[in-house]
Amino acid sequence: MKNILGKMQKYYVKGGWHGIISFILESMRQRIQNRVVLFCTELAGSNVPQANLPVDIRVERIESIAAIDSVDTKLLFERLGEKVVQRQFVKRFSKGAKLWLIKSQSDILGFSWTIRGVTKDFYYLPLSEWDVFHFDLLMFPEFRGGGIIAAATNAMLQRLAEEGVMRVYGAIKLWNEASLRFVTKTPMRAFGVARKINIFGYEILHFDDLSKYYKVNNLDSIKPH
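In short: position in the sequence shown from 1, add 1, done, that's this note's numbering.
Since the hints were made in silico from the structure, they are not lab data. Just so you know, these numbers come straight off a predicted model, no measurement behind them. Just to be clear, a hint being listed does not mean it is correct.
[Claimed, not checked] Pairs of lysine to any residue, SDA-like flavour, derived with a Cα cap of 20 Å:
(1) LYS174 x GLY111
(2) LYS186 x THR42
(3) LYS104 x GLU61
(4) LYS99 x ARG59
[Unchecked claim] So the derived label-pair ranges between C-beta atoms look like this:
(5) LEU206 x ASP70: 38 to 44 Å
(6) ARG80 x ASP210: 34 to 40 Å
(7) HIS207 x ASP70: 39 to 45 Å
(8) ASN53 x GLN106: 29 to 35 Å
(9) ARG80 x GLU130: 19 to 25 Å
(10) GLU43 x PHE78: 33 to 39 Å
(11) GLU130 x ASP108: 32 to 38 Å
(12) GLN51 x GLU83: 18 to 24 Å
(13) GLY82 x ASN35: 23 to 29 Å
(14) ASP137 x HIS207: 33 to 39 Å
(15) ASP137 x GLN106: 43 to 49 Å
(16) LYS84 x ASN53: 23 to 29 Å
(17) GLU43 x GLN106: 20 to 26 Å
(18) GLY82 x ILE205: 33 to 39 Å
C-beta atoms are modelled at their ideal positions from N, C-alpha and C, and glycine is treated no differently.
Make a model of the complete structure from these sequences and hints.
Okay, here's the thing in structure tokens:
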């Protein structure tokens, strides 16, 4: 409570009542950004997708920082920055996450991460050792479009199914409409919205019914059929 009153006071000092309005709008924006749509697919039978990757595109799974070859390391450094790669990638590999590189013959088009048996973010899902959580999918801007990102995701799901994974979960920020549209081209289906609420310094996890967001947040595209 003291933190909230302190922030309100700072906004008031800077802009009077207009500052207070700015504080309220910023708080509302953060609440929206904090919401994520949760997805899941069961990798069995007809649910296992066909990859349909273009002939010059492939998806490679990397299991350690040392396993990234020198050419790919250089490309990642150029695109993300050496400090980001060294800090973030090493940390994720140390926790058991796997990196999936989307590659052409001469470039890295994008990448994503998976981790087995646990979720990556603030929400809790009861994952088993046969479940995988898919997160932080990034396609570099010049390679977006053309269905590559969906095909690469389906290729990853296909490989996980072959290895005996039963379910794959994922999460996309509620405001990320582009990613919410792409996921409809995969077997992943939305099942809820999660958000973290801070009340007097205590963090509370809240799950919402997805249906209340269909019209308000333009989520008709992920509505179950």
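Evaluation of the provided hints:
| no. | hint | verdict |
| --- | --- | --- |
| 1 | LYS174 x GLY111 | holds, 18 Å |
| 2 | LYS186 x THR42 | holds, 12 Å |
| 3 | LYS104 x GLU61 | holds, 8 Å |
| 4 | LYS99 x ARG59 | holds, 16 Å |
| 5 | LEU206 x ASP70: 38 to 44 Å | holds, 40 Å |
| 6 | ARG80 x ASP210: 34 to 40 Å | holds, 39 Å |
| 7 | HIS207 x ASP70: 39 to 45 Å | holds, 43 Å |
| 8 | ASN53 x GLN106: 29 to 35 Å | violated, 18 Å |
| 9 | ARG80 x GLU130: 19 to 25 Å | violated, 33 Å |
| 10 | GLU43 x PHE78: 33 to 39 Å | holds, 38 Å |
| 11 | GLU130 x ASP108: 32 to 38 Å | holds, 35 Å |
| 12 | GLN51 x GLU83: 18 to 24 Å | violated, 37 Å |
| 13 | GLY82 x ASN35: 23 to 29 Å | holds, 26 Å |
| 14 | ASP137 x HIS207: 33 to 39 Å | violated, 23 Å |
| 15 | ASP137 x GLN106: 43 to 49 Å | violated, 25 Å |
| 16 | LYS84 x ASN53: 23 to 29 Å | violated, 36 Å |
| 17 | GLU43 x GLN106: 20 to 26 Å | violated, 34 Å |
| 18 | GLY82 x ILE205: 33 to 39 Å | holds, 35 Å |
Against the hints set out earlier in the document, violations occur for numbers 8, 9, 12, 14, 15, 16, 17.
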